[in-house]
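Same order as they appear, the protein sequences are chains A and B.
Residue 93 in this note's numbering is what sits at position 93 of the first sequence, and the numbering runs on without skipping anything.
Residue 340 in this note's numbering is what sits at position 340 of the second sequence, and the numbering runs on without skipping anything.
FYI, nobody ran anything at the bench for these hints, they're computed from the structure.
We put the beta carbon where it would ideally sit given N, CA and C, even for glycine.
It is possible that some hints are incorrect.
[Claimed, not checked] Each pair of labels, with its calculated beta carbon distance range: (1) A:ARG58 to B:ARG215: 50 to 58 Å; (2) A:GLN245 to B:ARG31: 29 to 37 Å; (3) A:PHE219 to B:VAL32: 42 to 50 Å.
[To be verified] Which stretches of chain A does chain B cover? Using the computed rule of at least three CB atoms under 8 Å from a CB of chain B, they are: (4) 138-145; (5) 148-162.
[As the list claims (entries may be wrong)] One-sided excerpt, in silico: chain A residues whose CB lies under 10 Å from chain B: (6) ARG36; (7) GLY40; (8) SER69; (9) ASP129; (10) PHE132; (11) ASN243; (12) GLY286.
Residues per chain are reported as follows:
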Amino acid sequence: MSDSMPASVSGSVSGSVSDSLSGSVSADVIHDIGYRHYDGPRLGRRYAVRSLYTLTLRGSFGLGRSLKSKILPMGLMALMCVPALIIVAVAVYLKSGKLPLEYERYLTIMGFVVAVFIAAQAPVALSRDLRFMTVPLYFSRPITAADYVRAKFAAMFTAMFVLTGLPLLIMWIGSLLASMGFVYNLEHFGYGLAAAALYSLLYSALGLLIASSTPRRGFGVAGIIMLLLISAAVAAVIYAVVNRQDQSSAAYWANAINPGGLVDSAVTWMFSLPTTSDIGVPSDFGGFVFLTEIAALSAAAYGLLVRRYRKI
Amino acid sequence: MPDTDAAGWHRRYGLHVSVIITDNLTKRFPRVTALDRLTVDVQPGVVGLVGANGAGKSTLIKILLGLAPATEGTAQVLGLDVATEGSAIRERVGYMPEHDCLPPDVSATEFVVHMARMSGLPASAARERTADTLRHVGLYEERYRPIGGYSTGMKQRVKLAQALVHDPRLVLLDEPTNGLDPVGRDEMLGLIRRVHSDFGISVLVTSHLLGELERTCDHVVVVDGGKLLRSSSTADFTKATPLLAVEVTDRQSDPSFDADAALRERLTGAGLSVVGDGGGRVLLVELKGEETYDLIRDAVADLGVGLVRMEQRRHRIAEVFQDRADSAPDDRPEEASARV
Numbered sequence: 001m002s003d004s005m006p007a008s009v010s011g012s013v014s015g016s017v018s019d020s021l022s023g024s025v026s027a028d029v030i031h032d033i034g035y036r037h038y039d040g041p042r043l044g045r046r047y048a049v050r051s052l053y054t055l056t057l058r059g060s061f062g063l064g065r066s067l068k069s070k071i072l073p074m075g076l077m078a079l080m081c082v083p084a085l086i087i088v089a090v091a092v093y094l095k096s097g098k099l100p101l102e103y104e105r106y107l108t109i110m111g112f113v114v115a116v117f118i119a120a121q122a123p124v125a126l127s128r129d130l131r132f133m134t135v136p137l138y139f140s141r142p143i144t145a146a147d148y149v150r151a152k153f154a155a156m157f158t159a160m161f162v163l164t165g166l167p168l169l170i171m172w173i174g175s176l177l178a179s180m181g182f183v184y185n186l187e188h189f190g191y192g193l194a195a196a197a198l199y200s201l202l203y204s205a206l207g208l209l210i211a212s213s214t215p216r217r218g219f220g221v222a223g224i225i226m227l228l229l230i231s232a233a234v235a236a237v238i239y240a241v242v243n244r245q246d247q248s249s250a251a252y253w254a255n256a257i258n259p260g261g262l263v264d265s266a267v268t269w270m271f272s273l274p275t276t277s278d279i280g281v282p283s284d285f286g287g288f289v290f291l292t293e294i295a296a297l298s299a300a301a302y303g304l305l306v307r308r309y310r311k312i
Numbered sequence: 001m002p003d004t005d006a007a008g009w010h011r012r013y014g015l016h017v018s019v020i021i022t023d024n025l026t027k028r029f030p031r032v033t034a035l036d037r038l039t040v041d042v043q044p045g046v047v048g049l050v051g052a053n054g055a056g057k058s059t060l061i062k063i064l065l066g067l068a069p070a071t072e073g074t075a076q077v078l079g080l081d082v083a084t085e086g087s088a089i090r091e092r093v094g095y096m097p098e099h100d101c102l103p104p105d106v107s108a109t110e111f112v113v114h115m116a117r118m119s120g121l122p123a124s125a126a127r128e129r130t131a132d133t134l135r136h137v138g139l140y141e142e143r144y145r146p147i148g149g150y151s152t153g154m155k156q157r158v159k160l161a162q163a164l165v166h167d168p169r170l171v172l173l174d175e176p177t178n179g180l181d182p183v184g185r186d187e188m189l190g191l192i193r194r195v196h197s198d199f200g201i202s203v204l205v206t207s208h209l210l211g212e213l214e215r216t217c218d219h220v221v222v223v224d225g226g227k228l229l230r231s232s233s234t235a236d237f238t239k240a241t242p243l244l245a246v247e248v249t250d251r252q253s254d255p256s257f258d259a260d261a262a263l264r265e266r267l268t269g270a271g272l273s274v275v276g277d278g279g280g281r282v283l284l285v286e287l288k289g290e291e292t293y294d295l296i297r298d299a300v301a302d303l304g305v306g307l308v309r310m311e312q313r314r315h316r317i318a319e320v321f322q323d324r325a326d327s328a329p330d331d332r333p334e335e336a337s338a339r340v
């Protein structure tokens with residue numbers, strides 16, 4: 001019994017299949033077409049750099065990655081934008097005719113969110129490739145070490161600029177909707193974007209340099225957050241001490257050791273904005289020094305990054 | 001079939017030239033000379049690069065990809081100078097590193113598509129070529145799962161796929177069988193053979209195991225301490241030698257009788273040189289001429305044992321190393337020195 005069962009079943013199945021398919025079976029065969037050569041276009045280095053840029057930028061916000069890796073960057077993004085929405089809502093509701101907070105000051109206040117973002121996402125851009133040793137694969141492609149750094153830096157800069165620029169855009173659109181002074185808002189929105197660009201430049205350079213030094217993401221995160229928070233704390237202490245002793249603007253030199261304060265102070269000086277508490281420059285010469293320092297630090301960090309990847 | 005495909009390859013690129021040429025290639029590091037005046041000329045096909053760990057294989061690959069400058073000498077890959085045309089070389093060459101290089105949290109498809117784009121393939125072509133290539137290396141449904149869950153064999157296939165996805169003219173495979181079990185090793189070697197025979201792509205494959213290159217390669221280059229030890233076709237390495245492998249059974253009536261020793265004594269007495277062949281019961285007998293066969297037949301018949309086999313034996317590549325290390329006479333040519 002048990003022996004005959006499979007035989008009869010298979011017999012009837014094969015019979016019915018061959019009956020029903022006898023007419024069309026020859027047309028439905030899957031052919032193994034073998035190996036095909038690729039004769040299409042090869043778009044070269046610049047295209048490869050663009051692809052790497054896009055992938056890294058998307059990765060900075062967790063796009064195309066797991067849900068888990070979206071939570072932090074998207075959460076920080078929301079955290080960055082919600083206060084801007086509230087500011088706009090309040091200004092519109094009160095019909096004050098003026099935003100309660102200046103654009104460039106918004107980034108100073110939200111500095112912590114910006115710091116956490118660069119600390120969390122700069123290692124995402126670099127540590128994975130180091131940890132899983134994917135970097136040599138990239139360099140077996142047409143791109144060079146300098147191309148790799150360029151793509152990663154540009155992507156990190158863009159991600160930072162989106163993070164810092166978006167809330168300012170929300171504020172500006174709000175000011176337009178509430179028919180506030182157009183020229184004044186456009187002007188200060190521009191100052192805000194300049195601050196956003198300098199933040200993105202300096203933070204990306206420093207963040208990526210620290211992230212490139214370790215294949216462990218956790219170490220990268222800790223290193224960046226420590227640099228930003230400790231330097232801010234030390235600068236604040238120095239400012240307080242110097243300020244108490246001679247009450248002069250010399251205390252503003254303290255901002256030279258704090259990336260966030262450096263950007264805020266330089267922007268304040270560049271556009272002759274009113275100084276607030278510990279944000280400001282000691283003199284015109286100081287403002288020039290601060291701006292040069294931002295440029296020099298960014299360039300040095302970028303150069304070290306390129307050098308670091310040349311060695312792989 | 002393979003031959004016509006290879007011919008098509010030559011037609012397609014209109015050339016019959018060397019794939020890799022090095023001339024006095026030297027690479028010195030502060031403390032060690034990794035390559036020492038290496039001069040080789042590699043023709044299209046599957047070429048094995050054999051050497052111990054630290055023999056300079058990986059350094060050579062880095063130089064060939066244009067990623068590290070040579071201290072002295074020159075090298076050309078596909079007719080392009082490694083010193084000045086590295087980027088163009090890397091567009092036409094695939095590279096499979098020895099070490100792990102796969103992120104565990106993405107699928108094989110995502111990863112290989114990305115690598116195809118990094119080689120300059122437009123997005124749609126990258127997806128198409130990825131599907132094709134993964135199928136050719138033997139990855140099917142699992143290609144949509146994260147790589148972290150793959151076996152070593154599957155990971156090696158993904159690594160091979162990323163080296164082939166942009167349809168290179170040459171692939172450099174660094175120790176592709178590392179970490180594989182014997183079955184996986186055989187499958188990988190078969191795949192490498194197909195890369196040339198079916199895909200028409202030349203292969204340079206490194207290994208520290210001679211035995212596997214003997215089966216896979218058309219040509220073998222042996223390096224040691226950065227120096228060229230030997231470069232010749234596999235056929236030359238393993239040409240027929242005047243040796244007969246003989247194996248006999250025990251005497252049925254008297255199992256304690258040492259048939260091997262008796263036969264060895266008999267043949268030695270007849271003026272033939274006889275050596276053992278490792279752990280098995282095979283004796284290697286010097287083949288002097290037609291009469292040697294008769295001698296063995298008669299000896300076996302006289303001893304009253306059964307003849308299991310009598311066949312001509314071929315040289316093993318490993319003997320290259322044995323010739324050098326002749327201070328240690330060894331009965332087991334392959335097993336003993338396969339691991340250089």
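Any CB of chain B closer than 10 Å to the CB of GLY286 (chain A)? violated (45 Å)
Closest C-beta approach of GLY40 (chain A) to chain B relative to 10 Å, hint status: Given a least distance of 5 Å, the restraint on GLY40 (chain A) holds.
Against chain B, run the beta carbon of ASP129 (chain A) and see if the smallest gap drops under 10 Å. Holds. Min distance 8 Å.
How does the segment 138-145 of chain A fare against chain B when you require at least three residues with a CB closer than 8 Å, holds or violated? holds (count 7)
Confirm or reject the claim that GLN245 (chain A) and ARG31 (chain B) have a C-beta distance inside 29 to 37 Å. At 56 Å between Cβs, range violated.
Outcome, coverage hint (the segment 148-162 of chain A, chain B; C-beta under 8 Å; three residues): Check failed, 0 qualifying residues.
Outcome of range test on Cβ distance (PHE219 (chain A), VAL32 (chain B); 42 to 50 Å): violated (31 Å)
That 50 to 58 Å hint for ARG58 (chain A) and ARG215 (chain B) (C-beta), does it hold up? For ARG215 (chain B) against ARG58 (chain A), whose Cβ atoms are near 45 Å apart, the range 50 to 58 Å is violated.
Hold the hint about ASN243 (chain A) up to the distance rule: shortest CB distance to chain B must be less than 10 Å. violated (49 Å)
When the least beta-carbon distance from PHE132 (chain A) to chain B is tested against 10 Å, hint result: With Cβ-Cβ at 5 Å, under 10 Å, it holds.
Does the nearest C-beta of chain B fall within a distance shorter than 10 Å of the C-beta of SER69 (chain A)? Since the shortest Cβ distance to chain B is 8 Å, the answer is holds.
Would the hint on ARG36 (chain A) be counted as holding, given a Cβ-Cβ threshold of 10 Å to chain B? holds (7 Å)
When held up to the earlier numbered hints, the structure conflicts with 1, 2, 3, 5, 11 and 12 and fits the remainder.
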